[in-house]
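Using the sequences and the accompanying hints, generate a full structural model.
Listed here are the chains, written in short residue letters.
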Amino acid sequence: EAQVTQNPRYLITVTGKKLTVTCSQNMNHEYMSWYRQDPGLGLRQIYYSMNVEVTDKGDVPEGYKVSRKEKRNFPLILESPSPNQTSLYFCASRPDRTSGTSETQYFGPGTRLLVL
Amino acid sequence: AQSVTQLDSHVSVSEGTPVLLRCNYSSSYSPSLFWYVQHPNKGLQLLLKYTSAATLVKGINGFEAEFKKSETSFHLTKPSAHMSDAAEYFCVVRAVGGSGAGSYQLTFGKGTKLSVIP
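Line order of the protein sequences matches chains A and B.
Residues 1 to 116 (my numbering) make up the first sequence, in order.
Residues 117 to 234 (my numbering) make up the second sequence, in order.
If you are wondering where the hints come from, they were derived from the structure by calculation, not from laboratory data.
Among the clues, some could well be false.
List of simulated lysine-lysine pairs, BS3-like, C-alpha gap at most 30 Å [claimed, not checked]: (1) B:K174 to B:K185; (2) B:K158 to A:K71; (3) A:K57 to B:K174; (4) B:K165 to A:K71; (5) B:K185 to A:K65; (6) B:K165 to A:K18; (7) B:K165 to B:K226; (8) B:K229 to B:K165; (9) B:K229 to A:K57; (10) B:K174 to B:K226; (11) B:K158 to A:K69; (12) B:K165 to A:K57; (13) B:K184 to A:K17; (14) A:K65 to A:K18; (15) B:K184 to B:K174; (16) B:K158 to A:K17; (17) A:K65 to B:K158.
Cβ pair distances, simulated, as ranges [said to hold, decoys possible]: (18) B:E131 to A:E70: 31 to 41 Å; (19) B:P234 to A:V54: 48 to 58 Å; (20) B:S200 to A:P109: 18 to 28 Å.
Quick look at which bits of chain A chain B covers, simulated, 3 or more residues with Cβ under 8 Å [stated by the list, open to error]: (21) 42-51; (22) 105-111.
Computed from a predicted model, the values in this text were never measured in an experiment.
The beta-carbon is built from N, C-alpha and C at its ideal position, and this holds for glycine as well.
Below, the structure is given as structure tokens:
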């Protein structure tokens with residue numbers, strides 16, 4: 001089954017304790033991205049990656065890092081989490097823009113993070 | 117540059133009555149436009165998309181949207197609301213025709229919560 005998976009789905013942590021949220025897709029997609037969703041703000045893009053070893057900042061990258069060492073995985077790293085990073089996080093993937101199906105973006109189920 | 121404005125943060129309709137969720141966009145290039153739905157405690161599901169083909173787009177669950185370039189709008193409609201339509205809806209734009217990374221990026225509206233009254 002084609003899907004984007006995220007782990008963990010729920011996480012409670014404390015300020016300053018490094019954490020990683022994993023994202024994996026099994027569709028051989030080139031493009032992957034991370035969003036955070038906050039009430040009244042919709043989804044805002046944190047980072048994206050156009051392919052292996054190619055990443056770039058989205059609209060709200062401060063306090064986050066990413067890496068893309070393999071095509072299928074795109075982990076989101078919070079080196080020193082703060083309470084303002086409490087949010088719902090979504091990973092997404094889509095094929096390359098030259099693909100006929102490049103318009104459809106697939107979302108993971110979300111990771112709800114609480115930073116105390 | 118691109119942006120999306122969802123004109124209503126909350127819409128409430130009675131079951132069986134029409135639904136209208138409004139969305140206006142701006143884009144430097146020809147846009148692709150999408151509507152996503154998010155049910156409570158669920159992920160995002162694609163409802164429908166416009167990618168420069170027919171301007172009236174039909175999606176899942178009886179929803180449709182019309183792309184109006186002159187009005188820069190992409191409003192979502194449904195003739196008759198059902199209780200299961202209660203959810204949050206997001207209008208999304210992607211600029212097509214730009215070069216580089218910007219042409220990959222989706223810009224989300226802030227969302228419209230749809231309530232359906234029995």
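Notebook entry, point to check: Looking at the structure, which of the earlier hints fail to hold?
Noted result: 3, 5, 6, 13, 18
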